[in-house]
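K.L.:
Spelled out from the first residue to the last, the chains are:
There are 2 protein chains.
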Amino acid sequence: MPAPSQLLSRRDVEFLLYDWLDVAGLTARKRFAEHSRETFDAVLDLCRDIAAERFATHNRRNDVEEPRFADGRAVVHEEVGPALDAVAAAGFLGAAMDAEVGGLQLPQVVQTACAAHFAAANVGTWAYAFLTIGNANLLTAHGSTEQVDRFVRPMLEGRFHGTMCLSEPQAGSSLADITTRAEPRGDGTHRLFGNKMWISGGDHELGENIVHLVLAKVPGGPPGVKGISLFVVPKFLLDADGEVGERNDVALAGLNHKMGYRGTTNALLNFGEGAHTPGGEAGAVGYLVGQENQGLAAMFHMMNEARVGVGTGAAALGYTGYLKSLEYARTRAQGRPVAGKDPAQPQVPLVEHADVRRMLLAQKSYVEGALALVLYCGRLLDEQRTAESDAERARAGLLLEVLTPIAKSWPSQWCLAANDLAIQVHGGYGYTREYDVEQHYRDNRLNPIHEGTHGIQGIDLLGRKTAMAGGAALAALAELLSATAARARAAGGEAAELGAALDGSLGRLLEVTAALHTEPDPTVRLANASLYLEAAGHVVVAWVWLEQFLTAGDGEDDLRAGKRAAARYFFRYELPRTGPQLDLLAALDRTTTDLDPAWL
Amino acid sequence: MPAPSQLLSRRDVEFLLYDWLDVAGLTARKRFAEHSRETFDAVLDLCRDIAAERFATHNRRNDVEEPRFADGRAVVHEEVGPALDAVAAAGFLGAAMDAEVGGLQLPQVVQTACAAHFAAANVGTWAYAFLTIGNANLLTAHGSTEQVDRFVRPMLEGRFHGTMCLSEPQAGSSLADITTRAEPRGDGTHRLFGNKMWISGGDHELGENIVHLVLAKVPGGPPGVKGISLFVVPKFLLDADGEVGERNDVALAGLNHKMGYRGTTNALLNFGEGAHTPGGEAGAVGYLVGQENQGLAAMFHMMNEARVGVGTGAAALGYTGYLKSLEYARTRAQGRPVAGKDPAQPQVPLVEHADVRRMLLAQKSYVEGALALVLYCGRLLDEQRTAESDAERARAGLLLEVLTPIAKSWPSQWCLAANDLAIQVHGGYGYTREYDVEQHYRDNRLNPIHEGTHGIQGIDLLGRKTAMAGGAALAALAELLSATAARARAAGGEAAELGAALDGSLGRLLEVTAALHTEPDPTVRLANASLYLEAAGHVVVAWVWLEQFLTAGDGEDDLRAGKRAAARYFFRYELPRTGPQLDLLAALDRTTTDLDPAWL
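Sequences listed follow chains Z and D, in order. Read in our numbering, the first sequence has 58 at position 58, and its numbers run on one by one without any break. Read in our numbering, the second sequence has 197 at position 197, and its numbers run on one by one without any break.
Derived by calculation from the structure, the hints in this document are not laboratory data. Owing to the predicted nature of the structure, the values given are computational and were not obtained by experimental measurement.
Covered stretches of chain D (in silico footprint by chain Z; criterion: 3 or more residues with CB under 8 Å from a CB of chain Z, positions within the stretch not fixed): (1) 173–185; (2) 327–338; (3) 413–427; (4) 437–445; (5) 556–563; (6) 571–585.
Ideal Cβ positions, reconstructed from N, Cα and C, are used throughout, including at glycine.
Put together the whole structure using the sequences plus the hints.
P.N.:
Below you can see the structure in the form of structure tokens.
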């Protein structure tokens, strides 16, 4: 069982929150006026304790003893419930939500930091809470007052849990093709019929009820995504007092058995197939959320939050793997310096070898970069919500739009790469189930898939986000990066070198983006959107590292020297990867579009 | 259970063996005079059948029902033994060995092709045979006639199995630090005392006996690797007639439980700890192989073969994953073309999407490139053994030296990347244990670790192989690649473009190599040896693809058009990655060497 210090680095979290993001400064704003740095620290300490004492303790057992399908029920490990109860009891489910619905009204950036601790400790258990929080946020934003009272409040209390039900067996990435139908009953309710697939937390008995948010089509609506509506479909119906009553017709059809992330049930759910007949009638009872046919837009509220959340989870898994491999590299003696291999001398710790240092620096640059990125997104959400001017709030919203696909995909790709390196640092030991890192690697492999695959995020970034609002989101991002580069150039020395490198890569990215946007054929324009996503991600994370470099200043402590070293690593080893990617994009390469599939 | 056509592509194997490597032409040589293309084809067909019918059938069960430690014994899945018996019965264990020791005297390149089929079908089961073959080859080359008669012949018959015992708990990559000691008894035998770790196939009851090849130190010898000797230590001693008799003091202390590759037992073995007392005396009975203190050189005979074998296994796992994801992409309908998303139209197969094609082409370029590379190494071994002139044989030997670290590492890195893409093409389904690709990914993750990690291979290539024989090995490689580039330039058209690109990358590689070799400080020179290995690997595989491009010519069939498309992909998407890597190497970057580990 790892110590709290092996989940995330406390000094790094404090550096990012306070030195870089000035989170303490948020307490000057009305929304956060009840808080102080002391309350933030107390919250983070409590998170660390719960993560270490309730989550990390059963991380491996959650993997080995994965949820079972028994008598139509999903049985999860007995330690999952108490861990989630501890999160609820501490108020973390509503950490960033309004006090009036039962939240703590903490800044989102603090909640993100909390989430990272839980995910680092046990992502399989944390996912239940993560989904409940996203569900509650969506319903609070788009649901009726009655829906908030009946479903959100019990979720924040930890009595109910939440899910999001989008995919179906024949419709994963292609939501236009969902076929679950919702028939209006004329009494304000609908009855749902269909099958949902890949539903995380889709069934279990951890609380009194499960609040499913379900995408479905009302017959007669427009085809494709324009005909999608959103419904609350509770596992158990509520009586007039909000007490759990009759079973709704949502039935567990089976569980998927995954390579990793095994602690989270992943369910196939049948809606309205007759396992139950609530009120004696066929169909699962659902309550429309918001307007008919506007379901996808509402669900994107949750999806966008979930995407940054996926990035947070990926960062957390990468981060704990890094710390564990660092500990291993410091304590495991193996081999001798290449200059002077005297077998009479004792072996040296792994960390003395240049290649091991490279693997550690790479991990550090990925995981601290990813954590900084998702915290920055949390900070943007706080800006969007509480900044003084309309313009500042709008700018934060635009930045969040353009950064969301990157905050989802970059950590998913590179913190998985970090876990791969964590295994490699451990050598053969890392490949065994005696060490944690192999599980982190398996767990993290989910992240490039769920909540929109890597390919989907690439199309979102290049096809939509960089073009939205007349290019305003991209312009806001460019301005943000340029401003930092300018500060760095003004600072002189190594900062100026890094600033110039960022300017160069950003300039090339913008040039290539403009060239792509002038390509009339969308097939060609988007053919390499995944590479565009990767290149843009590396440029953004170079900015994240330059920000940290500047924040570290010339501080001589290990933390600040380490920030400078990791920034240096990122600019020397990582940012140059974008050169060939952007050249390929600029060439509007048609290798894939011209391919005859018979040649494969 | 996959069809044989989902293991490796028959038409590709034939293209590589006959069109590219002219393996049929080998039958003109005395060693292979008994063979013909027909016998090669018959051998390959038999391999395919055994792989599909005996190996693939229990690949998943080998994973789920991994070997158990029970009563001091390792119990493997019941289908492993019959599969290995089928391999032995077909004579494949001695496929490339001399007829006089019981081999089939086939070309090594044909044996490599056979091995790839078995590994693609079930790498966990195949590993037992793979180790036995390597063991038998080593003993045949370095053992006495008596050792060959008593141990090699029964191995080729499938009655005995073989292992290699190098690592110890405190000495993995650092063989200088092994502490197992071998005390001479004065009667020509030694008694061994020590612990060996990570021993694949280290214990089981698949045959009558296990022949361990064990590195140990004779007391009083030189320190470090210069004091290492090699011993045969059978699990059961043999009587004068070669029949299995008394149990030797080799005891199974435990099994490692791995993330993948689970079908192969991975054992901790105790030698001479008193579990048995053969002849009433302490110590495990061992027989010196070759000369005292020359053990490491002899073991490298097996290690080099094993390294190419690891590359072959990695290629095979990547290859079958590619074929399975291709099949999935052709049959699974999801989404619509980005130009014209009409929800009234049916969904299109995944293979219609540019990003999926990119993932398939990337896999194709990795797995067919890797298979071609390891077959080429097999062909070099045949050249080394049978080429007409001393000069040709020496040249083949040099090429094999310099290519071995690449043939080990490049497939291990990129065919694992291929398996990652195979999962991604499958979407969520690929992350479940209902599909094969997640297991291939877990299995393949071992390959960058065992038989010398990625880091060790990098140091071998940059520190030793490129400098050996006054640079003759590197020069032979450069000449090989240049000659192909020149042919391509002479061919004009697209071939000339690719030839020019290869020339450019090769020139840069050689320039950077020369610069590195002039750096006096080995710590700095070798600091980025892993990146050197990666860059050199991509240059070599670009050559492999150019060779295939030229071999395909302007043939209009799908196979040849596909070879051209994959070569195009590799030159456009992959080879440019080497630019920033080589620039970093040229800069003799000191980011890692100057790092204070306290900053991590």
